[in-house]
Amino acid sequence: MRKTIKAAFLCAAILLTGLYVRGASVQELFDQGNAAYEQGRFSEAQQRYEEVNRQNRGGTALYYNLGNAYYRLGRLGKARLWYERAALLSPGDEDVQYNLGLVKNQLQEKTTLSAPFGRILFSLGGARWFFLMVNCLFFSILLVGLTVEREWIWWGRWVMGFLFLMAALLLGFVNARQGGTEAVVIEPRVEIRTGPGTDYKAGFVVPEGQKLIVFDEINGWVQVGSPDKGLKGWVRSGLIEPIEPPVRR
Amino acid sequence: MKKTVAVIVAGFLFSGVALSSAQDGVTFEAKVDKTSLSMDETLVLQLIIAGANLNISQPTLPPLPGFRAFSSGQSQNYSIINGVMSGQVVYHYSLAPQAPGDYTIPSFTLKAGDQVLTTEPISVHVGSSAGTVRPSPSQSPRSTVPRETRPGRKELYVTTSLNKKTAYVGEPLTLTFRFYSRAQLMSQPSYAPALTEGFLSEDLPPQRQFTEIVDGKEYTVVELKTALFPTAPGKYTISPASLECRVQDFSRSGDPFQSFFDGFFSGGQVITLRSDPIPVEVLPLPAENRPSGFQGDVGQYRISAAVDKTNVQLHEPFTLTVTVSGEGNIKAVSAPALPPLDGFKAYETLSSLNVSKDGYRVQGSKEFRTVLKPDVSGNVRIPAVPFHYFDPRAGQYRTVSSVPIVVTVKPTPIAEDTVTLPSAPALSEGVRVVGQDIRFIKTRGDLRPVRTPFTQTALFKALNFVPPLVFLLTGIWGIYRRKISADLPGHFFRKAYRNAERRRKQARRFLQKKEWAGYYEELDGALIDYLGCKLRVPSQGLTWPVVDDSLKERRFDPETIRDLQKLWEELNRVRFTPSVVSLADAERHDKELADLIRRLEKNWKN
Numbered sequence: 000m001r002k003t004i005k006a007a008f009l010c011a012a013i014l015l016t017g018l019y020v021r022g023a024s025v026q027e028l029f030d031q032g033n034a035a036y037e038q039g040r041f042s043e044a045q046q047r048y049e050e051v052n053r054q055n056r057g058g059t060a061l062y063y064n065l066g067n068a069y070y071r072l073g074r075l076g077k078a079r080l081w082y083e084r085a086a087l088l089s090p091g092d093e094d095v096q097y098n099l100g101l102v103k104n105q106l107q108e109k110t111t112l113s114a115p116f117g118r119i120l121f122s123l124g125g126a127r128w129f130f131l132m133v134n135c136l137f138f139s140i141l142l143v144g145l146t147v148e149r150e151w152i153w154w155g156r157w158v159m160g161f162l163f164l165m166a167a168l169l170l171g172f173v174n175a176r177q178g179g180t181e182a183v184v185i186e187p188r189v190e191i192r193t194g195p196g197t198d199y200k201a202g203f204v205v206p207e208g209q210k211l212i213v214f215d216e217i218n219g220w221v222q223v224g225s226p227d228k229g230l231k232g233w234v235r236s237g238l239i240e241p242i243e244p245p246v247r248r
Numbered sequence: 000m001k002k003t004v005a006v007i008v009a010g011f012l013f014s015g016v017a018l019s020s021a022q023d024g025v026t027f028e029a030k031v032d033k034t035s036l037s038m039d040e041t042l043v044l045q046l047i048i049a050g051a052n053l054n055i056s057q058p059t060l061p062p063l064p065g066f067r068a069f070s071s072g073q074s075q076n077y078s079i080i081n082g083v084m085s086g087q088v089v090y091h092y093s094l095a096p097q098a099p100g101d102y103t104i105p106s107f108t109l110k111a112g113d114q115v116l117t118t119e120p121i122s123v124h125v126g127s128s129a130g131t132v133r134p135s136p137s138q139s140p141r142s143t144v145p146r147e148t149r150p151g152r153k154e155l156y157v158t159t160s161l162n163k164k165t166a167y168v169g170e171p172l173t174l175t176f177r178f179y180s181r182a183q184l185m186s187q188p189s190y191a192p193a194l195t196e197g198f199l200s201e202d203l204p205p206q207r208q209f210t211e212i213v214d215g216k217e218y219t220v221v222e223l224k225t226a227l228f229p230t231a232p233g234k235y236t237i238s239p240a241s242l243e244c245r246v247q248d249f250s251r252s253g254d255p256f257q258s259f260f261d262g263f264f265s266g267g268q269v270i271t272l273r274s275d276p277i278p279v280e281v282l283p284l285p286a287e288n289r290p291s292g293f294q295g296d297v298g299q300y301r302i303s304a305a306v307d308k309t310n311v312q313l314h315e316p317f318t319l320t321v322t323v324s325g326e327g328n329i330k331a332v333s334a335p336a337l338p339p340l341d342g343f344k345a346y347e348t349l350s351s352l353n354v355s356k357d358g359y360r361v362q363g364s365k366e367f368r369t370v371l372k373p374d375v376s377g378n379v380r381i382p383a384v385p386f387h388y389f390d391p392r393a394g395q396y397r398t399v400s401s402v403p404i405v406v407t408v409k410p411t412p413i414a415e416d417t418v419t420l421p422s423a424p425a426l427s428e429g430v431r432v433v434g435q436d437i438r439f440i441k442t443r444g445d446l447r448p449v450r451t452p453f454t455q456t457a458l459f460k461a462l463n464f465v466p467p468l469v470f471l472l473t474g475i476w477g478i479y480r481r482k483i484s485a486d487l488p489g490h491f492f493r494k495a496y497r498n499a500e501r502r503r504k505q506a507r508r509f510l511q512k513k514e515w516a517g518y519y520e521e522l523d524g525a526l527i528d529y530l531g532c533k534l535r536v537p538s539q540g541l542t543w544p545v546v547d548d549s550l551k552e553r554r555f556d557p558e559t560i561r562d563l564q565k566l567w568e569e570l571n572r573v574r575f576t577p578s579v580v581s582l583a584d585a586e587r588h589d590k591e592l593a594d595l596i597r598r599l600e601k602n603w604k605n
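As given, the protein sequences belong to chains A and B, one line each in that order.
FYI, the numbering for the first sequence is 0 to 248, going by numbering that gives the first Met the number 0.
FYI, the numbering for the second sequence is 0 to 605, going by numbering that gives the first Met the number 0.
Since the hints were made in silico from the structure, they are not lab data.
Take the hints with a grain of salt, since some may be wrong.
As the list claims (entries may be wrong) - Cross-link-like lysine-lysine pairs, in silico, DSS-like; alpha carbons within 27 Å at most:
#1 K441/B - K103/A
#2 K356/B - K164/B
#3 K210/A - K441/B
#4 K103/A - K344/B
What the hints assert, rightly or not - Pulled a few chain B residues facing chain A out of the computed Cβ check, cut under 8 Å:
#5 N288
#6 S291
#7 Q435
#8 I437
#9 K441
#10 T454
#11 F459
#12 T473
Positions of the beta carbon are idealized from the N, C-alpha and C atoms, including for glycine.
So that you can see chain A by itself, here it is in the shape it has in the complex (with noise of 0.2 Å):
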C-alpha cells in the first residue's frame, strides 16, 4: 500500500515537474522572441512566436507580435494574416486595429469601421452574441408577459422584438457577407485561375496580403472569391491561409 501511493505521488510530481516545465519555456520562448524583436532582430523573433504558437498556444499578443515580426519582414500577407487572427480574438484591441489598418492602407484598402462596437458588432462572433443576447431578452419579456400584465411589459415585447428581428438580420447580413471562410494571400502576386489545376487560364491576379474569401477544396486547390469585385476563382492551397487559425488536437 506505502509502495502505491509512493509510486502514485512520483508519478503526480513528475506530470506537475512536465506541465511546468512546458509552461515554463512557451513562456520562455514568447520573451525570447520580444528580445529579438527589440533588438531588431526580426527574423528570429519570428521564429520564436512561431514555435509558440506551434505549441498549440495563441492570444492577442502572441498574434500580434507575429504580425509585427512578419510586417518588419517585408512579408505584409503573412503580417495581415496574423493581425486579423489577432483582431477575431479582441476586436477592440486598439493596438492590433492600429496596424492591421497600417497594413490595408499600404495594400490600398479601405477601413471602413473604426469604431470598436462596430467592429466587435459587425464581426461574425460580434453579431452571433449580439443575438444570443436580444433572443434571451426577447423570449424573457414575452416570458412574463404570460403571467404579468404591465403596460411596460407591452411596450417591452414591440422593442424586444424590433431588436429581435435586427440582431437576425445582422446576423444574416455578415453571415452572407462572409459566404464562406476568409484567407489571407501569403504570397507575392498570386493567379487565380479559372479552374483547379495549373492548365486552366488564370482568371486575375492578387497581390501579396488581400483577404478572400474561401468557398471550396478539391486536391489541394481551394476556390476562393472576392465577392466585393465579383470574382471567383481556384488557387493552390498553400499560396493562402485561413485567418480562423486551425486548431490542434
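Given the coordinates of chain A, assemble chain B onto it according to the supplied hints.
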C-alpha cells in the same frame, strides 16, 4: 539648282525693267495633266506664274487631301519685246494619290506685291489600280512614271510589312520598309515614309543593305525599320510609303547614242514607287484586373530602387533613384507612384532617359530621382515601390516592385561648444505627425491553448434555441393549466385512479417501516380521495351513505358495493387502532383496495 541660280541672275539683271513695269499683268494659274487617273499613276501639277515681274517667291502648297506631293522642280521662260520683259515660271509637282475617290485640288494663293492671286480649284477622279506602266507625257520636263510595285516582276519595287496586324494600345510594332532594286539609279532616291496616323513612331537604325534573290533575280535591298506604338484603340491603315527615284530612260529611243545623250540631258526618268497600305487593328487594354495604380505603360519592365547613402544625418538630403527598365515605349514610361514615405520629406522627382535600339527593339531605362530629407532618426524604411504595366505578350497586367530599403538616420549631434541662450518660449505648433509606423509589440500576454471560439461551438448554437424553447414549453403548460381550470372536477375524475395508486405506493413505504398509522392513513386517503374525485364531491366529510347512494344511482355491481362497504368500515376501524393489525392483514387490506379500485374503475369506464 542651276535653274534656280539662273532665275535669280535673270531677276537681278532685269530688276530695273521689272520694277518699272510694276506688278500689273501677273497671272497665276494651276494646271494638271489629267483629271482622271488610277492609283498606279501620278498626277502632274503645274503652277504657272506669268507676267512682267517674276521676282516672286515659290508658292507654298496647302494640304492636298488624297495626295502626297513631291516637288519636281521648276522651269522658266523669258522674252523681251519692245524693251519690256515678260516671261513665265512653272513650278512642277508630282501628286501621288493615296486612295481612290473624287478629290478637289484647292485654290492656290500667291501674293505678288499688293496683289493676291488665286487659282481655280480642280476636281480630280482617282480610280483603283490599273496595274500598268504608262509612258510619260511628252510636255513634262521630267517624265514621272508610276510603276507597279509587285515584287519579282519589275526592276524596282518597294514593300512595307508589319510584324503584327493586331496589337494592344501601346504595344510596340515594327514596320519594315524594303526597297528592291536592280536598276542603275541616277540620283539619291527621295523617300516619303508611310503615314502612321494613330501611332507614335520611332526610327530603328541602322539602315541595312543586302542582296536578295527574288524569282531568280538578284536585287539590292535597302531595309529601313520603324517602331510604332498605337495611341488609341480602333482600326487603322498604315498608308503606303513611297520612294521617288530617277533612273535612266532607255525606252524613249532605240538609238543607243540618243539614249546616251538623253541620259545626260533629259535628266532621266522619275519613278514613284509605292507600297501597299497595311490595315491594323488596335485593341483597347483590358479593363478586367486593371491594377488601381496602372498608368498606361505597356511592354515588359523591371523596377529597382537605390539610394546614394544608407547612413545619413537627420535632415541630411539624399537621393532615391527608382529605375524602370525594359522593352517598350520607354520614353513614355510614367513615374511610379511612390508609396507614403513616412519620416521623409520628398522633393520634386526628376527623370532621365537611356534608350537603346539594339536588335531593332526599343528598350532602355528611365531613372526617376527624388531627393528625400529624413525628418526622424533611427532605421527608417523606404517601402517597396510598385510599378504596374500591361504585358502584351501575356495579355495581362503585371506588377513589379522594388526591394524595400532601410536608411539609418543618425540624430544631428549637438556641438559641445554651442551655448544655448535663454529665449522666449516658441509658439507650439501642436501635434504633428512626422512618421507612421506599426505600434510596438506586446510584451505581456496570456498564452492560452488554442480552442475553437465559443461562438462556433455546438453548445453556443444550442443556447440560441433555449429561450424560444422555454417560451414554447411555458406556453403549452399555460394552455394545459387553463384547460384544467375550466373543468377541475373532470380533471380530478381522470386523475383519480393515478392518485389512488400513488397513495398506495406511499402507503407501502410506511408498510416497510411498519408505521401502521401512516400506512392506514394513506390507504384510507387513497380510497376516500378516489371516491370523492369519481363522484365529483369533496372527499372531506364524505360518508358511506352518500357513497352508497351515488354508486347505486349509477347502477354499480351490488357485490362491488358490498365489498367496498366492508373495506371502508375495516379501514375506518384499523386506522384508529393500528396496533391490533398484523402484517398479513395490512397486506391483505392493500390488495383488497387495489382490487376494488380496479373493479370500480372498470365500472366507471363502462
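Hints, one by one, checked against the model:
1. K441/B - K103/A: 20 Å, holds
2. K356/B - K164/B: This hinted pair holds, its Cα atoms lying about 22 Å apart.
3. K210/A - K441/B: This hinted pair holds, its Cα atoms lying about 25 Å apart.
4. K103/A - K344/B: It holds: about 23 Å lies between the C-alpha atoms, which stays within 27 Å.
5. N288: 5 Å, holds
6. S291: 6 Å, holds
7. Q435: For Q435/B, the interface hint holds, since the closest Cβ of chain A sits about 7 Å away, which is under 8 Å.
8. I437: 5 Å, holds
9. K441: Result: holds, 4 Å to nearest chain A Cβ.
10. T454: 4 Å, holds
11. F459: Holds, about 7 Å.
12. T473: This interface hint holds because 6 Å falls under the 8 Å limit.
In this structure, every one of the numbered hints holds.
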